[in-house]
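Number of protein chains: 2
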Amino acid sequence: MSILAGLRITECAAFIAGPFATMSLASLGAEVIRIDPLEGGLDYRRWPVTATGRSLYWAGLNKGKKSVSIDLRAPAGRELAQAIITAPGADAGLFISNFPATGWLDFATLQRLRGDLIMASILGNRDGSTALDYTVNCATGFPLATGTPGGDTPTNHVLPAWDLLCGMTAATGLLAAERHRRRHGAGQLLKIALSDVAFAVVGDLGLVAEVQINGDERKRHGNHIFGAFGHDFETQDGRRVMVAAVSLGQWKTLCKATGISAAVAALEQAEGLDMSREGDRFAARDALARLLAPWFAERSLAQAADRLDTEKACWGLYQSFSQLVHDDPRCGPASGLFTPIHHPGIGTTLTPRSPIDFTACETLPPGVGPLLGQHTDEVLLEVLKLSSGAVAALHDQGIVAGARE
Amino acid sequence: MSILAGLRITECAAFIAGPFATMSLASLGAEVIRIDPLEGGLDYRRWPVTATGRSLYWAGLNKGKKSVSIDLRAPAGRELAQAIITAPGADAGLFISNFPATGWLDFATLQRLRGDLIMASILGNRDGSTALDYTVNCATGFPLATGTPGGDTPTNHVLPAWDLLCGMTAATGLLAAERHRRRHGAGQLLKIALSDVAFAVVGDLGLVAEVQINGDERKRHGNHIFGAFGHDFETQDGRRVMVAAVSLGQWKTLCKATGISAAVAALEQAEGLDMSREGDRFAARDALARLLAPWFAERSLAQAADRLDTEKACWGLYQSFSQLVHDDPRCGPASGLFTPIHHPGIGTTLTPRSPIDFTACETLPPGVGPLLGQHTDEVLLEVLKLSSGAVAALHDQGIVAGARE
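Line order of the protein sequences matches chains A and B.
In this text, residue positions in the first sequence follow numbering that gives the first Met the number 0: the first is 0, and each later residue adds one.
In this text, residue positions in the second sequence follow numbering that gives the first Met the number 0: the first is 0, and each later residue adds one.
Here chain A stands alone, though its shape is the one from the complex (with noise of 0.2 angstroms):
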């Protein structure tokens, strides 16, 4: 058995944050329903697109899901999606949205027809209006401290971090309040706004503080880790490695494992510095930088990372997408992580699972990218246990849709 077997979660969201929730507990055994409009929600024909113009996106954000189409215009398409939302059951309702929470979706309304809903409403800014991840990124500060330093232009991270953090954060309310419920049984509403999300976390590791109690803030380091001592270096076959030393002992085997000590020594005593303690390390950086780049110059990637593991020094390769698919065992079929599957419309592609292992739940194998409306009528039938000629209609008015590609 998964471990969130049993549990259902209906979901009317698009884009990431709301659809990575629900994947991720997906992945866990939790069945979702996603529910979109016929035409599909506002990231369906999000990029990248395979040459058909599915979404390679969508897929893997709703992989593992039930999907469920549709008219959400419709008065009587929106009776159907709340019937949904508030079905019966001690493991079900369940449900997530980042679109407004108001008319047939707003939480009152919803309540009444299911007393103990528990609702999560993903915001943008916490007043309802706007925002995305990149908006919100801008405003963290923590563009302007990304990229080479002395540069004076933003450099915005790819990686859609807020979303997915927002997206986690989620869930793990989503847990707790249905704790909540089975302890109390009391439902409820949930606010999670994006820019609250990281806002908080700008707060929690310190730059806050560091504006408000040091009077300063966090300079443009480019690739050098802050306050200890790690950075990138190419080597003779021009690859490009990262290594992080933010622990004596870490820095220790760095330092053995490139023959640095004496060197190091030397520069100790000329600048008055103790490298043992990170903040010197920190300080003197770009000199350890300048010590440590003839080492990696001076030898091939396999010849630096054999002597780096023998250390078990703490370093990482850098690598393109295509290298890391291609090359990364970690990424591999035989990771464990990933397995090939087959995702209808799309073809096959190594698919992770959940990140976590469970010793007392069964590991569940990646979930497919559904079709858009491939489970409409298995939902109909099965959890609001509607006749076949009562889903035949439906189909008939243009209500509801199932699978057409």
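It should be emphasised that the hints constitute simulated quantities derived from the structure, not laboratory data.
Possibly wrong hints are sitting among the right ones.
[Claimed, not checked] Residues from chain B shown here face chain A by an in silico Cβ test under 10 angstroms; the list is partial:
| id | residue |
| --- | --- |
| 1 | Gly146 |
| 2 | Glu177 |
| 3 | Ala243 |
| 4 | Asp308 |
Computed from a predicted model, the values in this text were never measured in an experiment.
Here a beta-carbon is modelled for each residue, glycine too, at the ideal position from N, C-alpha and C.
Given the coordinates of chain A, assemble chain B onto it according to the supplied hints.
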């Protein structure tokens, strides 16, 4: 009552993933006991630090927790820690660690002390080898896709995104396992590897399929949003904004706010494109950015903001960390998210609560960053039910310590 009131989680961890997981659960009301060695963990002096050497990072990531200080090299100290981790109580017996789960922290050993223990073990790589956010991030592909187009050196992110996501994944896993235990009685070991969390996301976002299905890989597009339209622009008064249009609605509001509709129509005709399609907007991204740049260059931030907000266009302002703290009300004392909190040994600073709002449970104020060992006696007396004489003896023997700053 807060949503996780009563739940008790013990932590032996350092740096971000583990501490962030439990800090997030503490912000929802869980009792979190962080056990550290007498001199503090590896992250106890992590930068940024105050003038007196207190870590703002440590305070931020451990706020709301109880800090217990034990000599973890001494057998008696290890037994004490094991007793806290496995202390009885239906809502206790949850443990999170990023230390090697061997020796006194071996799961089977701990399970002999509490049969239904839930333990989340955070690893670097699944095989137990070391990996940090920095050495995983380089391998994901993102740093080579980040930064100015045409550049060939990688750009590391500054936000430790993988650590944060790994931590929140662990929080979700712990709550899932606690749900399973309450229903079926069984505890278990969860393993979550940082590199699995990261590589799974590469798959979830469609980037693995982009390589395998499309035979392509994500290029470096600078501050352009991939597959849609979005870019940064400088205003007349030298500020910089990010505008985003990831839906047709957002594109239309952006055109209306900036008055570029006629120029866009001319561009469509000249290039044979249809800007109602987001793929075409992405294809024409440089031309569209050139159309918009003068509009921003001719307006102050206030003037541009007024137009954009009037039309409800989606945009955000680039800010430094100082500007976020000083100028953005979403980070200020009236935000509802941040409250000025006094942290002992550090001072008063705006501190975030949980970014989740609940309607049926109490929203807790932000937690206080504890002093190392501040709650040693409280935990020994209340959790282990030791006598005050026994606690005094442990202090005398140097096995435990209270706060010393």
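Now for the hints, and whether the structure bears them out:
no.: 1; hint: Gly146; verdict: 6 angstroms, holds
no.: 2; hint: Glu177; verdict: 7 angstroms, holds
no.: 3; hint: Ala243; verdict: 5 angstroms, holds
no.: 4; hint: Asp308; verdict: 9 angstroms, holds
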